[in-house]
Amino acid sequence: MKKDYKFTFDILSCVALIGVMATTMPQTISFGDSGEIAAAATTLGMTHPPGHPFYVITGWLWTQLFQGNPGFVLNLFSLLTAAVFFLVLVRIQRSLAMLLHIQQPSDWIARLVAALVMSMPFVWRYSTTTEVYVLQWLLLSLSGLSLINFAKERSINHWRNSWLFLSLAIATHPYSLFFVLIPLAFASMNRDVLNPRHLKWPFIGSAVTATCYLCTILIAQKGDGFQWPHDPSISGWVRYFLARDYAQRAHLGGWEELLKEQWHYAIPQIVDQWGHLFALLGVLGVALAVTILKPIRSKRWLVAAVPLLLLIVLPFFSSGLKDSLDLMSYFAMPLIMGLLSLGIALMAWSTSQLRRIVVSTVLLAGLVFFTGHTWPKRDAHHAQFPLFLARSITSIVPRGSIILCKDDASYFSLIYHQYCEKKRTDLSVIHLDQLKTQSDFYRRLYPHISIPEEIPTVTNDIITAMVVANEQKQRVFWFGEDFHVSGIPNTYRHEHLIAFSKPAIRPIPFLAMYRGLNQKLRDALVADPVAQHVFHAAVERILSSQITAGNLDQARQITEQWYELNPHDSRATALKAELLAAEDQREEAERLMEQVIHQKPVHLQVAKTYCSLLEARQAHKEIVDFLSDKRFLLANSGEITHALVRAYLALGDFQQAHQLIDQHPMASALIPIKAEVLFKSGDPVSATHLLESRLDENPQDIGCLQQRIYFAVAEGDQAALTKWVGQLAEVLPDHPLALEYERQLMGHFLNEP
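If you're matching positions, the sequence shown starts at 1 in this note's numbering and goes up one per residue.
It is worth saying that the hints were derived from the structure and are not from the lab. Be a bit skeptical, because a hint or two may be false.
Said to hold, decoys possible - Result set (DSS-like, lysine-lysine): computed pairs, CA atoms no more than 30 Å apart in a straight line:
{"id": "1", "residue 1": "Lys680", "residue 2": "Lys723"}
{"id": "2", "residue 1": "Lys436", "residue 2": "Lys423"}
{"id": "3", "residue 1": "Lys422", "residue 2": "Lys222"}
{"id": "4", "residue 1": "Lys406", "residue 2": "Lys608"}
{"id": "5", "residue 1": "Lys406", "residue 2": "Lys436"}
{"id": "6", "residue 1": "Lys222", "residue 2": "Lys423"}
{"id": "7", "residue 1": "Lys680", "residue 2": "Lys608"}
{"id": "8", "residue 1": "Lys423", "residue 2": "Lys406"}
{"id": "9", "residue 1": "Lys600", "residue 2": "Lys406"}
Said to hold, decoys possible - Restraint-style ranges between C-beta atoms, simulated for each label pair:
{"id": "10", "residue 1": "Asp625", "residue 2": "His689", "range": "29 to 37 Å"}
{"id": "11", "residue 1": "Ser235", "residue 2": "Asn551", "range": "47 to 55 Å"}
{"id": "12", "residue 1": "Leu184", "residue 2": "Ile234", "range": "25 to 33 Å"}
Model, not experiment: these values are computed from the prediction. Heads up, the beta-carbon is just placed ideally off N, CA and C, and yes, glycines get one too.
Work out the full structure: start from the sequences and follow the hints.
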């Protein structure tokens with residue numbers, strides 16, 4: 001009897017592939033949600049809504065089995081999960097070939113197609129980092145394999161397994177719920193599953209999912225692990241499990257506008273990084289499978305096609321997918337299904353040895369090409385940027401300080417630093433977006449600090465309120481964009497942080513820390529686009545503060561160092577142009593920017609620098625031409641929006657200015673410039689009413705105060721000028737604007753007859 005070596009070759013293929021991927025596995029957490037997920041899994045805590053309870057539980061068990069660096073241990077968990085995922089993909093193709101009665105299917109085609117799936121950039125990335133997606137894909141694949149086995153053997157065990165795996169996939173990531181359409185479509189074509197013995201399993205699967213999510217509530221009562229800020233009431237848990245906070249991602253409201261946003265933002269992300277080519281291969285695979293195999297009758301094909309079409313279309317109606325990593329993770333499965341269809345079609349076509357050799361050679365060439373493309377760019381083996389970022393922040397702040405931040409990258413890095421590395425647990429780390437809705441949670445978490453009873457909605461106002469509330473207790477630091485703290489008195493640049501009282505400690509140069517890393521670490525940081533973005537933002541803040549302070553020699557040194565480290569980064573070029581503009585070399589700055597403004601995508605820093613150069617020479621029409629199609633930049637930057645509105649005003653196009661502001665996702669933060677548009681378009685009454693209504697709600701809104709004073713000056717309204725300058729001086733007595741306005745006002749009074 002001939003011995004079957006199929007499984008042996010499957011294992012050897014798996015070991016070879018995973019061995020290559022292991023060389024790109026980071027030694028610790030990466031960006032995205034890795035820091036948060038690692039903190040939750042290590043401490044048996046809870047992640048962001050609506051939770052990933054099955055991953056947290058299995059991740060916690062894994063970290064109990066293997067001690068050490070939690071980030072590395074959980075990365076290894078993802079890698080081994082990916083290995084099983086590869087074997088399941090091979091098995092799915094083999095089982096489908098048997099079900100469809102394909103004669104002598106090639107096992108090597110199945111292995112090569114499965115390896116091709118693993119070589120997709122986003123599959124590779126999530127297979128080597130702490131994330132929930134590979135476990136989700138594995139469970140969905142096991143559910144699909146069980147359905148195929150049920151179709152072959154008609155065993156109730158396979159039907160049961162399909163629902164159990166699907167229920168665990170939903171408990172790993174809730175977007176798996178959409179894939180319920182597949183067993184439902186299967187049931188519509190197989191009357192065998194309609195007997196009572198089979199019908200109970202969907203309900204048992206639902207109970208398994210519900211039990212996993214119930215564990216999230218029980219875990220929250222434990223209270224000693226990392227917990228996402230949440231409301232512990234019944235209504236709070238309902239809001240958490242429905243992820244209601246993420247509905248705010250649909251900024252413009254209405255299904256039509258949501259779909260328009262998904263078209264502009266979601267589709268480009270799906271087809272990024274060779275995704276368009278893989279999508280084409282997937283569609284080709286489905287078409288070939290239907291053409292060559294004709295596995296089901298036409299009416300049943302329609303029954304199967306409708307749920308699959310809904311599976312692809314329905315997520316676009318979810319606001320939670322916008323600007324989310326879940327986007328590619330969800331659409332990965334339909335894409336993988338298409339590629340597996342390609343594998344089945346190629347197996348059916350490869351009826352001769354020659355055809356098998358040709359197909360295997362082409363697939364192997366494709367695998368080598370995509371692996372060669374992905375492998376160098378996944379040089380994350382030495383990437384430690386989240387830890388570097390956390391240490392660069394915590395190393396320069398005193399004990400007991402409060403750190404305020406607004407971006408997930410820095411917040412999750414600090415959370416991992418505290419919960420997993422057990423370092424700087426004395427710090428109070430607060431995410432301002434969460435503070436807006438979960439202030440009570442932070443009061444329970446940090447009872448020793450003062451949190452205002454009413455949390456403002458504007459970031460600048462939240463920071464001001466936190467600084468005032470803790471003025472006599474803890475030092476407060478801000479890690480984020482400088483414009484969020486404009487107008488707040490007693491701010492001090494403290495390397496890449498801003499302090500709100502002069503710290504009695506010596507700062508550690510951020511760039512010096514970076515240059516102190518070995519070359520492999522620096523190369524890995526540059527290879528990580530998220531790390532590069534966060535690092536660049538920190539350098540930009542340091543450089544801008546030096547230019548503002550007039551320290552051009554220091555600014556030049558920083559710029560030269562950064563440009564030397566990143567000569568091909570358009571943002572480094574933009575920083576160099578900023579310095580040239582500060583040195584009155586604007587023509588040279590514009591020539592430099594011409595090299596990068598046509599690159600796609602256009603980075604925010606590049607757009608800001610270019611617009612400031614155009615504004616300096618009053619090239620308003622050029623600003624409009626440049627920004628009119630930059631919808632993503634406009635939606636994510638108030639500063640860029642201000643530049644475009646000012647250009648419209650200069651050109652007298654008030655209608656476009658109104659339309660831009662009214663439809664902007666950050667419209668509430670654009671009240672001062674909206675008032676300016678109203679004022680300059682001939683409606684000063686509405687403009688002043690808009691500002692005064694805002695100032696009644698928040699008397700500390702510096703932007704609105706400045707604009708109201710400007711209107712009073714423009715109208716020659718001395719009484720209003722006195723009133724609003726007085727309010728500015730009362731709110732921020734040391735603010736330069738208040739002192740200047742008071743000086744001018746006093747001079748005006750002294751010169752009166």
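When you check the alpha-carbon spacing of Lys423 and Lys406, does it fall within 30 Å? holds (21 Å)
Lys222 paired with Lys423 [C-alpha distance capped at 30 Å]: Given pair Lys222, Lys423 holds - Cα atoms ~21 Å apart, limit 30 Å.
Taken at face value, is the distance from the CA of Lys436 to the CA of Lys406 at most 30 Å? holds (11 Å)
If you check the beta carbons of Leu184 and Ile234, does the distance land in 25 to 33 Å? Between Leu184 and Ile234, where Cβ atoms are some 31 Å apart, the hint holds.
Going straight from one Cα to the other, do Lys406 and Lys608 come out at no more than 30 Å? Between Lys406 and Lys608 the Cα gap is close to 20 Å, so the pair holds against 30 Å.
Take the C-alpha atoms of Lys600 and Lys406, compute the straight-line distance between them, and say whether it is at most 30 Å. Since the Cα atoms of Lys600 and Lys406 sit roughly 26 Å apart, the hinted pair holds (cutoff 30 Å).
With the threshold set at 30 Å, check whether the alpha-carbon distance from Lys422 to Lys222 stays at or below it. holds (19 Å)
Against the range 47 to 55 Å, how does the distance between the Cβ atoms of Ser235 and Asn551 compare: consistent or not? holds (53 Å)
Is the straight-line distance between the alpha-carbon of Lys680 and that of Lys723 30 Å or less? At roughly 22 Å apart (the allowed maximum being 30 Å), Lys723 and Lys680 satisfy the hint.
Given the proposed pairing of Lys436 with Lys423, does the C-alpha separation stay at or below 30 Å? Given that 30 Å is the threshold and the Cα spacing comes to 27 Å, the pair holds.
Hint consistency between Lys680 and Lys608 [alpha-carbon to alpha-carbon, up to 30 Å]: Cα-Cα ~24 Å, so holds.
His689 and Asp625 - C-beta distance against the hinted 29 to 37 Å: At 34 Å between Cβs, range holds.
Violated hints for the displayed structure: none, as all numbered hints are satisfied.
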